Structures are given as C-alpha cells and as structure tokens.
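Peer 1: Chain residues, written in single-letter form:
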Amino acid sequence: MLRYITKRLLLIPPMLIGISLITLLAMHLTPGDPASMRYGLNPEVSGSARAHLKELYGLDKPVIIQYGGWLKRIVTLDFGDSFIDDRPVIEKIKERLPATLILQISALILIFSLALPIGVMSAVKQNSFFDKATTFLVFIGFATPTFWLALLLMRFFGFQLEWLPISGMSPWYAQDYSLPRRILDLLWHLILPLFTLAFTGLAGISRYTRYSMLEVIRQDYIRTARAKGLKENKIIYHHALKNALLPVITILGLTLPALIGGSFIFETIFAWPGMGRLMYTAILQYDYPVVMGVGIISVFLTLIGILISDILYAVVDPRIRYE
Amino acid sequence: MLKVRNLKTYFYTQRGTVKACDDVSFDIDHGRNLGLVGESGCGKSMCCLSLLKLIPPEGNIVSGEVLYKGRDIFSMDNKELRKIRGNKISMIFQEPMTSLNPVLSVGEQMTEAVLAHKDINYGEAKALSIELLNKVKIDRPKNRFNEYPHNLSGGMRQRVMIAMAISCRPDILIADEPTTALDVTIQAGILELLDELQNEYNMSVLIVSHDFGVIARLADRVAVMYAGEIVEYAAAEDLFKNPLHPYTKGLLSSIKQIDKRDKRLSTLKGAVCELDNLPKGCRFSPRCDLASSECREALPGLKEISPGHFVRCVKSG
Amino acid sequence: MNKKKKDWRKRYAFVGLSVIIAMFAAAIFADFITAYSPNETNLAPEAKLQPPSREHLLGTDDLGRDVFARMLYGARISLSVGFVAVIISVVIGVILGAISGYYGGWVDIFIMRVVEIVMCFPTLFLILMLLAFLGPSIITVMVVIGVTGWTGLARLVRAEFLSVKERDYVQAARALGASDFRIIFRHILPNALSPVYVSAVLGVGGAILIESALSFLGLGVQIPMSSWGNILTSGMHYIESAWWLMLFPGLAILITVLSYNILGEALRDLLDPRLKGYGQK
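Residue numbers (this note's numbering), protein chains in the order written: chain A, 733 to 1055; chain B, 46 to 362; chain C, 1235 to 1515.
Hints are computed from structural coordinates only; laboratory data are not their basis.
Careful: at least some of the hints might be erroneous.
[As the list claims (entries may be wrong)] Straight-line distance between alpha carbons at most 20 Å, and here's what the computed DMTMM-like set of lysine to aspartate or glutamate pairs gives:
#1 A/K974 x B/E153
#2 B/K114 x B/E125
#3 A/K963 x B/D122
#4 A/K739 x C/E1350
#5 A/K966 x B/D164
#6 A/K864 x A/E947
#7 A/K963 x B/D164
#8 B/K133 x A/E964
#9 B/K163 x A/E964
#10 A/K864 x B/E103
#11 B/K187 x B/E176
#12 A/K966 x B/E125
#13 C/K1239 x A/D863
#14 A/K963 x B/E125
#15 A/K966 x B/E153
#16 B/K98 x A/E964
#17 B/K48 x B/D117
#18 B/K124 x A/E964
#19 B/K124 x B/E176
Please read these numbers as outputs of a predicted model, since none were measured by experiment.
Next up, chain A with everything else stripped away, as it sits in the complex (with noise of 0.2 Å):
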C-alpha cells in the first residue's frame, strides 16, 4: 500500500515540471500587439497588464532564471498580487476556496448516488425498459451543453415556477441567520448549480458503471456466489459492484478534470462565488497572476483528486493494497 502511494506521489513532480512548462509558455504566447485584443476592456489596459506581468514573473530575464523564478512560485503557491487591488493572489483564492469544494464535492457524490444505483439497475435488467430508456438519456445528455441546460432549468425553476434561486450562494440578509437557517440557505442556492454540474458526469459515470457491471456478472466468481445460496441483493450489491466500481473509480480521476472545468462556466452563470467565477473575472480584467494563480490551483484540486481515486482504488483491490 505504501509503496503504492509512493509510486503514485512520484509522478507529480514531472507533473508540476509539465504544467510549469505549458504555463509558462503560454505567458510567452501572449501577443504583443495590444490591438489584436478586441475584447472588454481598453488595449491600452490589456498592453500595460501584460508589461507589468512581464515584470512580476521576471519574463525579461534569461529563460532559466525565468523558469526557477516561476516553478518557485507554483510550489510556494505564491503568484504575486492581483492587479486590480493589489491583494496576494493566493489570499483571494482562499477566501474563493470554500465554495467551489462545496460545489464540487457534493455534485461528486450527487452523481455517485445517482449513476451507480442507475447503471447497476441498467446493468442487471439489460434489455429492459428502465436500461433502454437510461441509455436513451445517457445519449442525449452527452450532447446537451450544460450551459443551456443550465439556462432551461433557471427559466423554468427561477422564473416560471419561481421555486429556486438562480444565483449567488447567500443573499446579503443571510448573516442575521441562526446556523442552521444558513445551511440550509446554502443548500437552497446549491441545487441549481449543483444539478447541473452533476449532469456533466452522470452520463459517463453511469454508463461506465453499466458497462463495468455488465462485464462483472459474467464472472465466474458470481457463478460461485449464486451456487453458495447467497441472495441476489448480497450478490450484485456485495460481490459485484465491488468489483465494477474498481474501473469506475479510474474514471472518477479522468472526470474532476471535466468537473473542475464545468465549475467554471456554472458558478459564472449562477453567480457562485467560487474559483471559477473568479476566474471569469480576472480574465475579462486581464488581471494575470489571478489567472494563473487559480489555473495552478485548479491543476493542484486536480491533482489531489486523482490522488483520492489512486487510494480509493487500493481500498477496494487488495490486489493492490497488499503489494
């Protein structure tokens, strides 16, 4: 298990070389012509930003210097100081923080909650109604853009039905709430975006989840379960799922890429006071540590979760756990 652990934590130092490499580069992309920036603010802002972030990040000086300079300030976390209020980068992602691990988490188990029980249940009554009308959604939830999705459900819950809250995470008012009126305040202005980010991995997760389980049942090792007497709960619940989950855990790791990335567009839409919507901002303000500060952190919440499904992967094989 150790060992395990090891081999896997020794891969993110080439990985922390690779992103520093992307990310670095992708600074030195930045065009110098400020007209070709049409967008939002006045060129002259976009030109002078990109001057001062020259200086910040010592992008004048020799491309080895500049490197050391820069890979120390992914592994301190220290990106220097917003340009639009001066304050560190690392100190408003902080307070950004909360949020969007909120989000995040609970849409993780959202779609586990969800898209387990529904690939299970498609997977052992294959060819039924309930699997062929899942895989029908399954389908046509690839292809929707959840932005839209998104849009529909604020209309129709915001607006029409006026049942939800289309965005922010509290209203002003909030801070006279007792504790537990302001969880559930919280957990009110949660279902849309949670909903819709959930959608972004639900698809996959319960097909993976199908299609995984399909492959366990025909194992030998249910064969013996069936002729031992167990009952059919215990045997697809216990000794089958544990096993399908293995390669849905894989794909958790490949899916908080996706995640992370939908945060983004869905706390803009719904106004979440999270990373992403931090992002957005620093963006259209061409405000440049902010940018690169979250893309490194987003990289490192990656990463982490990774890290989370490597672990959770040896929990369930001990093939692993006792290497």
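The hints should help you fit chains B and C onto chain A, whose structure is shown.
Peer 2: Chains B and C in isolation, oriented as in the chain A frame:
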C-alpha cells in the same frame, strides 16, 4: 437422492439452437459417486449447471425435472432454491483462479456461505471456517482466513472452494472438472481430498471430467456423454470392463494406448460434432467405424442391455 | 453482431450523416435560405425581441436582428470550429501516437507521460489560460481546442501501432529495407485508421460543445460575428422574456452534437467490433 429426468437445456443463438443437454437422465444415490465423462464441449458443464439453475442467462432449461428427495428443483421459487444451493447441493468449478471473488477475503467468502444457511453467529462461523481450511489441508489456516485469493496458488484456491462447498455438510457435491486447470501433481492431491471427504461426510459426489483416470478414481457409476446426450450409463466396473458404445470404447482405448506408449494415438477420428449442427441419425455416426445407413437414419434410444447397463447404439446388444 | 443489428447501425449512421450534411448545406447556402442579414440591426422598439412569426421564423434578438439568419451564419462558425479543431487534434494525436507506438522505449515513455500530464490538466482551465493570453478569437478557439484534445487519440493510435507493428507484413516491409517513415505511414497507419475515424467523429461533437460554451461566456467567437454559443448569451440576458433566443440555438447544438455522436457510435460498431467500449453490448 437426486433423480434427473429428461433434462433439456438449449441455447438459442443466431446460428441456431444449441442442444447442450438433450434428454439427459441419471440418478445419484445416497453416498454413491456418479462420474460424468465426455470430450470438451459435449455439454457436461451445462448439464451440471442446469441442476442448480446456474446456467448463463442465454441458456434455457426447456424441459425436464431434477428431483431432490422427491422435490422438483425446477419448480422451486428463488427462496427454496437458495436453501438447496450451497446447503444441500453444492458445487465446485473448473477454474479455481477465477471462481473466488478477488476483492473479498477468503474468510469473508467462507463465512458468508455458512451464515447464509446456518443459524450461527460470526464467531462460530469463523471457527468453523478455520477448521474446514485445516481439514482441506491448507497450512496456517488462521492466517489464510484473512488473506485474499491472489495470495493463494491454484491448488489452494480449489481447496478453499472445496472447504466452502462442504461447509454446510451437503448431501451432494457437484465437482465440475475440479482438477483440469491444475498441475498434475496437484490434481492427485485434490482427488484424494475429495475421496476422503466423501467418505467422512458420507455425501455423493457428481464428478465431471473429460479424463477417465479422474472418473475411475472416484466414480461408482459412470455416464458417458456425447453431443448433449448420454450414450452409455453403467456401473463403473462394468463400464471399464465391458464398454459397449463405440464412443466409450474409443475413449478408453485412447487412454490404454497412452499407457502402452503406442505410437498410434487415438482411434477416435474427427472432432466432437457442433451442438448446433447435429447429424440426423445417431450423433456419433459420422465418427463411427461401425456406422451403417440405419445409424444415419434414426436417433437410437437408450437401451438396457444388461441390468443397470444402458447404451444408445443400435449395434450393441 | 448479427445482420439485423448491423442494419440498424447502418440506419443510425445514415440518419446522423444526413443531419450533419443538412446542417452543412444550410450553413453554406445561408445566403439563399434567408433574405435577412445576420448583422442587420433594427433598433425600432417594435422590431426588437419579437417572438417567432412569419417574417422572423425564430424571432428577433435585442438588436432587432433575425435569429434564424444569425443561426444559419452561426452554423458556419460552430461547424467549422468543430471540424478544424478535430483535424488539429487528429494530426497531433496520430503523429505522437505513431511515434510512441512505433519506436517504443524512452520516446514512448516520454510521450505517454506528456499525455498523462495533459489529461490531468482541467482542459477548460488550460483553454481559458491560453485564451486569456492569446486573446479571444475564432482561430485561437480552434487551435486551443485542437491542441488540448489529442490525448485520447494518441493513446488509441499507440495501442494500434503496438499491435500492428509486429505483424508479418510490417516485418516483411522492414526486411525489404523500407524507411521508418514509409513503414509508419504506408504500412501501419492505414491499418490503424478505423479507431481514428470513430474517435474523430465523436471528437467533433465534443469540440462543438466546448466552442459553444466559450462563445457563450464571451471568450470565443466575438460579436458581431454570430455563433450558436453567443446567441445564447443574449438568451441569458433576456431569459425571462425571450424564450426563443434561448431555446433554438441550444437545440441546434444538441441536435448537431447528437448526430455526430450517433454517427460515431454507429461507425464504431460497424468498423471495429473490438472497440465496443461502453456502447451497447
């Protein structure tokens, strides 16, 4: 104890109907072992799996009865069936490497088998399991209890399967090619173990194999299967001394030749006919030296030639 | 797969392909299909935000522009972005996958490590960072989607190469002294193409989804040029009042992506049964 009557298990595939078991009947008496022998692909395994309704979902038990102490297993509901499986009739399989669940510990897989049927607590089930591991001659049973299948060799896994199968003291143990996937040296040990346990528990073993050597070691009666049908059914001694069906003769002589290191290997020509493309008459006729036009016309029935010795061949008796 | 199932697959493939061709045709012949110009504004109050009517099939937007016309011209952008982005991904993915699979050893380890790194990167954030520095434009969007979307393809091609390169005819070509370049492109690649087709077709759908999201957020195709994504932006501004601004572009994206996915899945089953991944069993 167990009477199988006219069992038909078919698979409907795109190429046609595969008759894995066609009108199979046999009896297993209390404390006596039955051997089921035939080449690979003749339907032996599907026949065994049918007894406990364990065939894969593509298969269909078309008709027939399996009477356990007079009660038909096929007409039982799931709850009753579960009380038979693993409790009264248990089973071990050909592939010990894949027959144990890789993510559950040996102990968990063993205790759950006991706990499913017996009214005892976990501690007692654990004690029983360790005792059984000891009985099937697994070293350090207390440690093995907490280990996982990947820690065990193929032979040990098959021993664990056997321990699990006998944990509820079943009346019948179905052993489907229990040694085929194992090394020769380990095979002998497993067979010896089965023999010992059969005596000690006074259970019946249905031993299935393509290998007459294995059958001869354990069986009291033998059924020879060819292309989904039983072609000869007799007491073991009788069958070995006086085989009547050309197929049985062929199988037996091919073993004897190996013993004698004869250069000519087999008198059985050709391969087992495809179960979805059966000849019109006797299914063995395309490979049979004695076959006449009569054989190719009509399917022969099973005839009792001498008391307890049945054969499905117009040329015999 | 039996014949009946195969016929169904063919039918699906045909439907998907027809819809895609129809979309392309509508985009190419937009000038003939609608009399309106996509950028012609009409700020008169009675022309703005009109619901669908006989004059304006899909209504008008906040600047009085005809939504149907904007969608037709927007189709040009959305369809070509998807197409070009995937071509870029295919070129990068095939070349790196081929090199990795063919040469093996350190080259292989290095390229596969790079693939892992890019896969762990939240693609959207990478795209956003690049867009933040390069500035939003349709070219940037195409290139950025292209250079971030090649990892799966590289893995696929590598796996194909690993299995194909040991076959007899490749060994024979090598024995005859064919150059590596020739062996890779003439002998191995043509035999490894079916998964590439499938994954390219499926990739177009994905690229269209990303492009529309970026344009929706104002980071992709820039106004006044229209794309399905940025029509939806005004749909969001008028979410309460103008349902048509929101409904139709979204449906267009859904139908297009769905068609590509149907075509891709059908192709996968028809071309290469081994690849059945998590499709229907």
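Peer 1: With reference to the structure, classify each hint as holding or not holding.
Peer 2: Hint check:
1. Proposed proximity of A/K974 and B/E153 is supported: the alpha carbons are some 14 Å apart, at most 20 Å.
2. As the CA atoms of B/K114 and B/E125 are separated by approximately 14 Å, the hinted pair is consistent with the 20 Å bound.
3. With a CA separation close to 13 Å, the supplied pair A/K963 and B/D122 stays within the 20 Å bound.
4. For a cut-off of 20 Å, the pair hint linking A/K739 to C/E1350 stands: about 15 Å separates their Cα positions.
5. At most 20 Å may separate the alpha-carbon atoms for a hinted pair to count; A/K966 and B/D164 meet this at roughly 18 Å.
6. Under the criterion of a C-alpha separation no larger than 20 Å, the hint pairing A/K864 with A/E947 is consistent with the structure, at around 18 Å.
7. For the given pair, A/K963 sits about 16 Å from B/D164 by alpha-carbon distance, which is consistent with the 20 Å threshold.
8. This hinted pair checks out: B/K133 and A/E964 have alpha carbons roughly 18 Å apart, not beyond 20 Å.
9. Using a Cα cut-off of 20 Å, the hinted pair B/K163 and A/E964 holds, with the two alpha carbons roughly 18 Å apart.
10. A distance of roughly 19 Å separates the Cα atoms of A/K864 and B/E103; the hinted pair therefore holds under the 20 Å criterion.
11. For the proposed pair B/K187 and B/E176, the alpha carbon gap of about 9 Å is at most 20 Å, so the pair holds.
12. Distance hint between A/K966 and B/E125 is fulfilled; the C-alpha atoms sit about 17 Å from each other, no more than 20 Å.
13. The straight-line distance between the Cα atoms of C/K1239 and A/D863 is roughly 17 Å, inside the 20 Å bound, and the hint therefore holds.
14. At most 20 Å may separate the alpha-carbon atoms for a hinted pair to count; A/K963 and B/E125 meet this at roughly 11 Å.
15. For a cut-off of 20 Å, the pair hint linking A/K966 to B/E153 stands: about 13 Å separates their Cα positions.
16. About 14 Å separates the Cα atoms of B/K98 and A/E964, which keeps this hinted pair within 20 Å; it holds.
17. For a cut-off of 20 Å, the pair hint linking B/K48 to B/D117 stands: about 9 Å separates their Cα positions.
18. Distance hint between B/K124 and A/E964 is fulfilled; the C-alpha atoms sit about 10 Å from each other, no more than 20 Å.
19. With a C-alpha separation of about 29 Å, the suggested pairing of B/K124 with B/E176 is violated against the 20 Å cut-off.
Consistency note: the structure conflicts with earlier hint 19 alone.
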